[in-house]
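Colleague: Construct all of the structure, not just a fragment, from the sequences and the given hints.
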Amino acid sequence: MGSGPSILALKGVSYRWSGRGSFALDVPAFSIATSERVLLLGESGSGKSTLLSLICGTITPHAGSVLLSGTDIASLSAGKRDRFRAEHIGLIFQQFNLLPYATVLDNILLSLRFAPQRRARVAHPQQTAQKLCMDLGLPKDTLTAQAGTLSVGQQQRVAAARALIGAPPLIIADEPTSALDAATQATFLDLLFEQTRNAGSTLLMVSHDARLAPQFDRVVQMADIARTAQAAA
Amino acid sequence: MILRLALGSLMARALTVGMTMLAIALSVALFLGVEKVRTGAKASFADTISGTDLIVGARSGSVQLLLYSVFRIGNATNNLTWESYLDLAARPEVEWIVPISLGDSHRQFRVMGTTGAFFDRYKYRSGRSLALAEGEVMDDLFDAIIGADVAAALNYEVGDPIVVAHGLASFIEHDDQLFRVSGILEKTGTPVDRTVIVSLQAIEAIHVDWRSGAQVPGQSTPADALRQMELEPQAVTAALIGVKSRLQIFGLQRAINDYPSEPLLAILPGVALQELWQIVGIAETALIAVSGMVVITALMGMMATIFSSLNERRREMAILRAMGARPRVILGLLVLEAALMAAIGAVVGLGLFYAGLVVAQPLVDAAFGLWLPIEQPSMQELWVVLAVVAAGAIVSLLPAFRAYRMSLADGMMVRN
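Chains B and X supply the protein sequences, listed in that same order.
Here our numbering is used: the first residue of the first sequence is 1, the next is one more, and so on.
Here our numbering is used: the first residue of the second sequence is 1, the next is one more, and so on.
Derived by calculation from the structure, the hints in this document are not laboratory data.
Some hints here could point you the wrong way.
Residues from chain X shown here face chain B by an in silico Cβ test under 7 Å; the list is partial [said to hold, decoys possible]:
(1) Met1
(2) Leu5
(3) Ala6
(4) Gly8
(5) Arg315
(6) Glu316
(7) Met323
(8) Gly324
(9) Ala325
(10) Arg326
The model shown is predicted, which means the values in this text are computed figures rather than measured ones.
Positions of the beta carbon are idealized from the N, C-alpha and C atoms, including for glycine.
Modeller: This is the structure:
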């Protein structure tokens, strides 16, 4: 548990999927302090995706509360949850992060499209996107390239730039390095840490790779914070 | 940015999107083409005669009288006697009257006997007068003026001889009285183009030696003798009438329809045309319905394409959702894409329609005498384009709503 004020706090959260073998997840308590770098470790089926969906507000708990930046996500309407997510969370997926037909610039600026407050924090979107790309080690002319033409490693960096632009309070990375080779993994994580720190954001990375643990402030096992249950299908 | 994304998404699926848009384009071109032919045919019919207030003939049906007197379609069941004609001509309401005598032919073309007044009074396409492309109006009894199609089809020039056949599709010819082409009319796009025009006296002249539909054996009056004769017709097929005041049209029509000496019929060309449209209205509606169905089929094809693309686009929708796009934005994006496809398809269809018109215009004119004008897109054509775009957006609502539900269920967690 972090020592500073919480950016994210889950309390007594309970959720049960319908029609998926009734998979259920209970999270009695879990929080992340502001600017903390947390690695959430868990095997497949441990409920990581359900937990991320709860944090992002695409599903709401049947019981308990999910507080992000002090706001109970479940108390918001569906539309406000979508906007809240856009304003407060930068997301990086495992792979297939980008719209392949759009330019790198459009992909990066897409995260500002539905987040007016975040957009207002970026005075010069194009220059900011350019700087982020440069800082993440992407070639100078990347902005105008079609996202689908980049290598997987480059696409992950563009996804990181998209998550970081506008400095959202929380960056969630869902196994962002699993599609990368070892050397690229290390470089990517270094860059991600550096840029997250520069943006003043908190980082929650989900992975099943325990070797990444030393690089984080705190490592949390899914099994320690959550109980899962699966009814017979 | 959303519009740019929609365009980018369409470009990424260029082949299937292109084929879908081509189907829409072809269906729109077909629809506009059918509409053009339909309105062109109507306009062409309506343009055939203008400035004539009444057409008079023996009592039959108004459409029949219009068809045989103006369009040379079908035959008169009876004639109008010359006495009645003169009686009508003498009425105070009548400003001008032009007799028409039909019944004979030259090859596949009708021969029409009339007076010189026909060239002054017959108007087509909103008041245009007939004009000679070459030669001159009838001077001699056996002079004939031929329409542009007659000249083109039979390769006739001024001075060429013409033999008039007795009746229609007849092998009996008035070969003892040869006519001479004295003039060729400019193309009008009306049945006049397919008519051989001679004087009313000439029609009488070639029948001088005929009794009861056959030539009196051994009797053939020389042409010069005929030229000296006082030839007065006994009857004409119909007459075109112009009145002094338009207020008198209905009064004169009633008087002619109640004419005591013989059963006559006077019709207003415009009204008879309307009756004709009512008769062919069902076929017209069927034609529009079929071409409309082709457009609908193309749009259904587009809907099927969108449906089949939904699964492969789940990741794309998940990314948009992760970025904060509401499910209704996903719905809107798919509808926007469909509207763009339909709009591009419809505009390309409009282009294909005009390209087809440029190619087909002279061919249709030559084959059917139907002039299809190439004009700026009419409001109706623009409405068709708009309607196709709107219909495209509407049919896309089904797959878009499915995408909406999928994006609600998937959230951001699709892994494929």
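Colleague: Output the indices of the hints that this structure fails to meet, ascending.
Modeller: 3
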